[in-house]
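**Q** Given next are the chains, with one letter for each unit.
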Amino acid sequence: MRSGAKIVMEALVREGIDTIFGYPGGVVLPLYDEMLNWPQVKHVLVRHEQCAAHMADGYARATNNVGVCLATSGPGATNLVTGIANAMMDSIPMVAITGNVNTWAIGKDAFQETDIQGITIPITKHNYLVTNVDDLPGVLAEAFYLANTGRKGPVLVDIPKDVFTAMTDKPFPETVTRRGYEIPGAPAQEQVDEVARLIAEANKPVIIAGQGVLASGSMDLLRELAEKAHIPVINSLLGLGSFPRNHELSLGMMGMHGEATGTLAVQDADLVMGVGIRFDDRLTGDTNTFAKNAKIVHFDLDPSEVGKTVTPVAWVIGDLKLGLEMLVPMVEPKRHDEWVAQVKGWQEAYPLVVPEGKFLSRTVLRALNEHTKGQAIVSTDVGQHQMWTAQFYKVMKPYHFISSGGLGTMGFGFPSAMGAKFAKPDSEVWCVVGDGGFQMTLQELQTAVEYGVKVNICLLNNGYLGMVRQWQELFFDNRYSSVQMGSPDYGKLADAYGVKFFRCTRVEDLDETLRQAREFDGPTLCEFVVEMEENVYPMVPAGKDNSTVIMDPDLPKQPAGATK
Amino acid sequence: MSQQHTITALVQNEAGTINRLVSMFRRRGVSLASFNAGDCEQEGYSRLTLLVDGDESMLHQTLKQLVKLIDVVEVEDLAADHGIQRELALIRVDPNSSEVEHVKNLASEFEAKIPKETATSVFVEFTGNPKDIEKLIGALKPYNVAEVVRTGLVAMRTDSV
Ligand SMILES: Cc1ncc(C[n+]2csc(CCOP(=O)(O)OP(=O)(O)O)c2C)c(N)n1
Ligand SMILES: [Mg+2]
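Chain order of the listed sequences is A and B. Quick note: the first sequence uses the numbering used here, first residue 2, plus one each step. Quick note: the second sequence uses the numbering used here, first residue 8, plus one each step.
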């Protein structure tokens, strides 16, 4: 016989989890007590439960494996909610464990009772309230299984205090099966045949590769397909890292703030293959005009994504890796020299620009890319700096670009970078964050110091909620409303936490700052005081036709039909 | 084109299962005209019958989202008038004393039962498809329909079993 608390620890070890992120409280005391007997599982004590979830998320994204977070009942559990919703939107494998009040007190508005199961129903792949300790081994095994198979996602297990202390000898199941839950297997051969035919027919094909490629580990197959059939590869925000950015066929990100080339290529293409993407609105713009000259093909393992926002002519539903394994040998080697030349022409005509003579966020990020050569894990927060990082940080490796895509959660960048560093202690890890977002979760500086987490924070301080300011400038006639953002003295703040601090205000000091920060043995906070009113371009206004992409006004040449 | 669809589903009973189902409909903005859940031939499972309003693409999306829920084992879309589709209604009618016989006659025309009668009320029990229930209620209207309770639709397919 062993206790529910011990079963939780056994489950973590069985699943190969070496680090969990959490915060204690009354009802999880039995679990925290048991934890002392399990040195092989490191518990990272955060400063706010939201960050426990974001760290577990960063850990999951950097490893393509499950991240685990833990919180007490009531406010502890509700503090996890943003982090769980974030993981749900981006299909990140996560197991969140919460304590709850004793089973006999549930429903009686006991102290720190909250219906976390009810609250998280719409933002979890599945969730459980375990009221009998005999169920616990099975539920935990199933929770990990569900989180990390099929379309991945967060699973919450709510455990009342008396279930942690109750005893059982129920073993863990050898294997997990659940009636009605099937992991998608190989797609139907006819579907793959049809796509092979469409590829053979196409003269102007493009691939839009998304996070599904990373989740299924299909990076090599994607590359083989692209090279064999000579197809340019565009990425969704979360797909960055699935295709090396220095590859001659890589066009970077497309969409609202994607590079013009990818966005224009999709509008001109005759075949658009969405591979592990969900055609979200930030990518498609107006769906009626999206890829208007193309046949759309959709690869996804979740049938509910196919036809949800755009209407494909063909689809391949099933495991992406198996699907690509079937497709690649069927594709005839082919060259699309004319099309690729046309695309390269756009790249030359509409490059990303960094005006000289000013100290811009872009100046900093271009330098960060040069220093790290795209080899570091970079986790971004949300805002202008996020889009510039996606544009200028030419990520070379899978699982090295981390960003909150679907939910767009400010405050995510710093804790997720820490989660990544816990997972990959030997990798260089940078967090790129704005002055707004950093002030949402900067209390984790203390956690970084205590655990010696060598994360470099690239804080782009523009004195504004920049992304919102940009919208007010462009769409609300320059009327700035609650977007100016004061900051503390970051030098003093860093001192107070005992974090190494660098402040850089001019181009001349940029290289030296980056060099020293990278060299320093311990977490660093690098504040770059950048131009206040800098805009992210290109830009497709929300819901507009991607063809009407607004180019950077600093570009000498504007495309025909472009709005300025 | 908007129309009603009857969806049946087999679900595993767990804490929160019904909540999860209803939450999905609310979140995706799909309106549920009727929702019925009950025990079935398999222990630990329930069968549901749902009546959903919407067009074809909404229906497809709803079916896919339903199947995706972990508790949902299988889902079927029964075209209108497919299989057996039934609902039970209890109707309390408070007629004038002179009209009691009319009410009883109407009930027997519809093959409805009268499980109880009091000094002021005739209780009518009727099982049929929703259209027939509407018809019966309409016919009883002139005699003062005081209360109506309906179970919601239950459906079972009869082909390809
Ligand atoms: C939690 C949260 N609240 C509000 C927003 C809306 N929002 C999106 S970007 C942004 C501004 C971010 O400002 P900052 O962190 O300084 O980054 P910048 O855009 O200046 O680079 C805001 C407020 C959000 N995405 N997340
Ligand atoms: Mg800012």
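Incorrect hints may appear among the rest.
Claimed, not checked - Keeping only pairs whose Cα atoms sit at most 20 angstroms apart, straight-line, the calculated DMTMM-like set for lysine to aspartate or glutamate is:
1) K229(A) / E183(A)
2) K71(B) / E183(A)
3) K111(B) / D84(B)
4) K425(A) / D522(A)
5) K309(A) / D62(B)
6) K120(B) / D101(B)
7) K71(B) / D271(A)
8) K75(B) / D427(A)
9) K71(B) / D281(A)
10) K75(B) / D271(A)
11) K309(A) / E63(B)
12) K309(A) / D84(B)
13) K71(B) / D303(A)
14) K75(B) / D34(A)
15) K309(A) / D60(B)
16) K374(A) / D427(A)
17) K71(B) / E50(B)
Claimed, not checked - These stretches of chain B come out as covered by chain A in the derived footprint (C-beta under 8 angstroms, 3 or more residues):
18) 22 to 32
19) 54 to 62
Claimed, not checked - So these bits of chain A aren't anywhere near chain B, every CB distance computed over 12 angstroms:
20) G27
21) E143
22) D303
Think of the hints as simulated: they come from the structure by calculation, not from any bench. Positions of the beta carbon are idealized from the N, C-alpha and C atoms, including for glycine.
**Q** Quick check: which numbered hints come out false for this structure?
**A** Per hint list: 1, 3, 7, 8, 10, 14, 17, 19, 21 and 22 violated.
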